[in-house]
Amino acid sequence: MLNKIYDWVDERLDITPIWRDIADHEVPEHVNPAHHFSAFVYCFGGLTFFITVIQILSGMFLTMYYVPDVVNAWKSVYYLQNEVAFGEIVRGMHHWGASLVIVMMFLHTLRVFFTGSYKKPRELNWIVGVGIFCVMLGLGFTGYLLPWDMKALFATKVGIEIAASVPFIGDLIKVLLAGDSAILGAQTLTRFFAIHVFFLPAALFALLAAHFIMIRRQGISGPL
Amino acid sequence: MHRGKGMKFVGDSRVKANDRMVNMPKDYSEYPGKTEAFWPDFLLKEWMVGAVFLIGYLLLTVAHPSPLEGPADPTNASYIPLPDWYFLFLYQLLKYTYASGPYNVIGAIIIPGLTIGALALMPFLDKGPERRPSKRPLPTAFMLLALASMVYLTWESVVNHDWEAAAKQGEIKEPVADIEFDENAEGYLIFTGEQGKSCIACHGTDMAGGSAAPPLLGNELTAEEVAEVIKNGRGAMPGGQFAGTDEELQVLAEFIASLKAEE
Chain D
1 MLNKIYDWVD
11 ERLDITPIWR
21 DIADHEVPEH
31 VNPAHHFSAF
41 VYCFGGLTFF
51 ITVIQILSGM
61 FLTMYYVPDV
71 VNAWKSVYYL
81 QNEVAFGEIV
91 RGMHHWGASL
101 VIVMMFLHTL
111 RVFFTGSYKK
121 PRELNWIVGV
131 GIFCVMLGLG
141 FTGYLLPWDM
151 KALFATKVGI
161 EIAASVPFIG
171 DLIKVLLAGD
181 SAILGAQTLT
191 RFFAIHVFFL
201 PAALFALLAA
211 HFIMIRRQGI
221 SGPL
Chain Y
1 MHRGKGMKFV
11 GDSRVKANDR
21 MVNMPKDYSE
31 YPGKTEAFWP
41 DFLLKEWMVG
51 AVFLIGYLLL
61 TVAHPSPLEG
71 PADPTNASYI
81 PLPDWYFLFL
91 YQLLKYTYAS
101 GPYNVIGAII
111 IPGLTIGALA
121 LMPFLDKGPE
131 RRPSKRPLPT
141 AFMLLALASM
151 VYLTWESVVN
161 HDWEAAAKQG
171 EIKEPVADIE
181 FDENAEGYLI
191 FTGEQGKSCI
201 ACHGTDMAGG
211 SAAPPLLGNE
221 LTAEEVAEVI
231 KNGRGAMPGG
241 QFAGTDEELQ
251 VLAEFIASLK
261 AEE
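Protein chains in written order, with our numbering: chain D, 1 to 224; chain Y, 1 to 263.
The set of hints was computed from the structure by calculation and includes no laboratory data. Every residue gets a Cβ at the ideal spot worked out from N, C-alpha and C, and that includes glycine. Check before you lean on any hint, since a few could be wrong.
Partial pick of chain D residues on the chain Y-facing surface, computed with a CB cut under 10 Å [unchecked claim]:
1. Ala73
2. Glu88
3. Phe106
4. Trp126
5. Thr156
6. Lys157
7. Leu204
8. Leu208
9. Phe212
10. Ser221
Start from the sequences and build out the full structure, keeping to the hints where you can.
Quick look at the structure:
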């Protein structure tokens, strides 16, 4: 049955070459943790992606309860944390995942750096990777405000002041992020929500797609 | 059934690619050794690593529920802010003389900007063919220096932060009980009168408390205990602040003790 469906689609879209490329490409020995203990350093990138998937899934479930306005944001998070079945687990995974993804991404960056894997022909993939790094930091910064508790509000205040100290365009950045040149309030919360849930994930998906397509094109770098 | 035979169009206008299957997997024979196919052999090993990682991740989640402080209150002027841990090194950097105040641009923009810029342009700064860290001392040294500074700054920021005060300032406060009381009660007149000047300074005329004192509404003390606290103080509250007579104190204590939340 599944074979028939596959064949039906294959006859129309010729997906076999794409699938065979993903499935059949040989993975060299030096990145295989079954053969070398040191190959665990090559798992950091995959684990970063794994946590990213968990972040997307847990985030989707969080938005089922979260309300992005100043009156209800904190209450909805409190309710989610204390009343909703498994709410504490889902929020906990999103909270700890945010930290773990930074850790794993940082380790992945160090692995690529110290194995010199960013060298020709992989320059572009390195630059895309740095882009992913910045997007992740942006996700961390915007997500921190959303529970709308004390630490969120005051950490964001500091962050926005730093952004406002950029020469020439600082005030523009501030208004863009906070929604107002003086107040950090209702507008800021909805903007951070939109940035955290729509803008940055969209950028992240595009960059991740580029990252993975380039890896398939160029293969993983050889052993040192 | 022969797969990957390509699509058959009615009126196919595509040019055939010389019988070559496009996107053929790369050959790793230049790295002799035990190569294996990505699917399913290698992915299975990655999944095992992922499963072990997931167990640790879930244990962390279960052992440490994610924190939630009290609702944001922009009027609180005494709150000491702290960013998430991975921004701590930046936060600490901005505390140094030549990275803050008039030099703020150095700490907030120039140093982080140069670091991220250099990181992004790494392939063009380090163009040599060598890959081993020991064979390219400059990039390695700069990266180790950056790492050491980040660890040091994060460490400094952690040891210089008053974590106890931070936990206290973020506590979720129970809302002040909405208790009706008679504003002409003798006790209340004493409380807001000349004798109770230092009472209202901290507890407020509405008895809802403030940043320096807890609310009196909804307290759980008896009249004797209230009188005891007024005489001898408790916690941050000094004793002997009440300026009235002992009889007035008794009336006041009974009044305050009567402000109970309804069961």
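Hints versus structure:
1. Ala73: Since the shortest Cβ distance to chain Y is 8 Å, the answer is holds.
2. Glu88: Holds, because the Cβ-Cβ distance from Glu88(D) to chain Y comes to roughly 6 Å (cut-off 10 Å).
3. Phe106: holds, 8 Å
4. Trp126: Hint holds; Trp126(D) Cβ to chain Y Cβ min 5 Å, cut 10 Å.
5. Thr156: Hint holds; Thr156(D) Cβ to chain Y Cβ min 9 Å, cut 10 Å.
6. Lys157: holds, 6 Å
7. Leu204: violated, 17 Å
8. Leu208: violated, 17 Å
9. Phe212: Not OK, violated: Phe212(D) not within 10 Å of chain Y, min 12 Å.
10. Ser221: Holds: closest Cβ of chain Y sits about 8 Å from Ser221(D), inside 10 Å.
Of the numbered hints listed earlier, those contradicted by the structure are 7, 8, 9.
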